[in-house]
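Work out the full structure: start from the sequences and follow the hints.
Line by line, the protein sequences give chains A and B.
Heads up: the first sequence at position 96 corresponds to 101 in the numbering used here, and the numbers run straight through without jumps.
Heads up: the second sequence at position 49 corresponds to 37 in the numbering used here, and the numbers run straight through without jumps.
If you're looking for bench data, these hints aren't it; they were derived computationally from the structure.
Some hints here could point you the wrong way.
[Claimed, not checked] Partner residues aside, some chain B positions facing chain A, computed with beta carbon under 8 angstroms: (1) S46; (2) M144; (3) F146.
[Stated by the list, open to error] Covered stretches of chain B (chain A as the covering partner; in silico rule of three or more C-beta atoms under 8 angstroms from a C-beta of chain A): (4) 20 to 34; (5) 38 to 45.
Even glycine gets a Cβ: it sits at the ideal position worked out from N, Cα and C.
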Amino acid sequence: MTDRRKFLLSMARSVGLAGIGALVWSSVLEESVSASLLLRPPGALKEEDFLKSCIKCGLCVSACPYDTLKLAAPGDKKPMGTPFFDAREMPCYMCEDIPCVPVCPTGALDESSVSNDGILDINLAQMGVAVVDSYACIAFWGIQCDACYRACPLLDEAIVLEYGRNERTGKHAFLKPVVMPDVCTGCGMCEHACITEKASITIIPREVVMGRAGDHYVKGWDEQDQKRVANAKAEITQTEISKKSAIDSLNDDSGLFE
Amino acid sequence: MRYLISRRITQVGIIALYILAHVYGVKMLEGNLSSSVLFGSIPLSDPFAMMQMFFAGSIITMDVFIGALIITIFYGLLGGRMFCSWVCPMNIVTDAANLLRRKLGISAIQKRVYMSRNIRYWILGLSLVLSFLMGLTAFELVSPISILHRGLVFGMGFGFAVVLIIFFFDLLVHENGWCGYVCPLGGFYSLIGRYSLLRVEHDAEKCTECMECKVVCPEKEVLFMIGKSSEMVKMGACTNCARCIEVCEDDALNFSIRNYIK
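Quick look at the structure:
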């Protein structure tokens, strides 16, 4: 075999092997970041950008005074080495000075997203949003419980109580917890406080659970809402109306007996 | 033994400082080997991790850039792969595996598996390409080194499994398999340390060609000059672990400073 051929062949072999490695490696990576239901520390970038930027140093975890934050270890089934918290186990206690955010060296926890005019404000955090399971929540059964309502650091703002008449007994009231998604920070104190065996109020990442009405609908009673759709592009489609009468269409048996 | 002991002291000491900071709040060295803060103010960052972040499309902050620069300059001057033999905790695992391998004589009964030392550079390249294509830090998300040092400080989970894989790979599959062939971080520091100053120097006149140094050396290629010519070990792959110096009974190997001004 000539040297040139040998060289080309060995190069091709190496590239092929690297290709196999790349495929295996990328599928492992794809799996390892597929966990979507995890809660990040306050000020975290969008999950996609967070994974690019987090260097997995654990400085946020060290800074957390409540041991809320943890670094995902093998077996946690979460992107390895990245910080997360489990609200049922230990929620975010909303420190006013947010010690976990300014220590981040890479900007994966973005200080500006939890600051108002340069002053840190934990109430701007959007770690997730609380969702109530109205079947398991005993307040919806008519039993009086306002544990989540009382636990909420934004009392009567992020969770409000909706009063209702209990038709079944005819003489009692419902006090149902309702989450205001625009106020809720996803700290998880409600989930931590929930008294049912498995929490009936759960924090879920906002991008997973929040919908979007889109440009087709406007709140006619809200002048501000017009601004939301100011840049909407109308796409008008027109279907040609059939000229035939309805009876013709009913009597049309072409193709029926073939 | 004194080099071996000092290596173990620095390896364990650095992890101990991280644990001290995280668990007991004694903040001398906080974080882990991916990124840390020294004395509450000096940033230190893994330059290889920074490169993966850059390729993934993250905006590199000043803190990380300065931290990575400090580390690059430090190892660039001192000897790139000194990270491997003096800092990296995986070195303790692979050293143990290879010691056991020698004691049991596994190399003698085993058919030699051919692996190229260049695998690490291919993996290094791949981790940057995959970081770019997938928008993730490709090696950092799976790195056994990170699993180990992060685990020691912040909790291991099932990370011991990964460490065991490396141990048995080195013990049963290939001598120095992980550190000497596969690990892209070692490859990265080999490149950084190409022109570093602290080097092992060989004196061929004192050498009796017992070849003990080649037995213990984890990167045997770098010792090609043993018994042949008096020169410095200049290859970047040398980890400056000083095992060859300790094992040499003829004083034919010693540390020396590379002199560029001649």
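F146(B) was flagged as interface toward chain A. Is the shortest Cβ-Cβ separation under 8 angstroms? holds, 4 angstroms
Holds or violated: the hint that S46(B) contacts chain A, with Cβ atoms closer than 8 angstroms. holds, 4 angstroms
Between the region 38 to 45 of chain B and chain A, see if three or more residues pass the 8 angstroms beta-carbon test, and mark the coverage as holds or violated. holds (count 4)
Are there three or more residues in the region 20 to 34 of chain B whose C-beta lies closer than 8 angstroms to some C-beta of chain A? holds (count 8)
Does M144(B) hold up as a contact with chain A if the rule is Cβ-Cβ below 8 angstroms? OK, holds: M144(B) within 8 angstroms of chain A, min 6 angstroms.
When each numbered hint is compared with the structure, no violation occurs for any of them.
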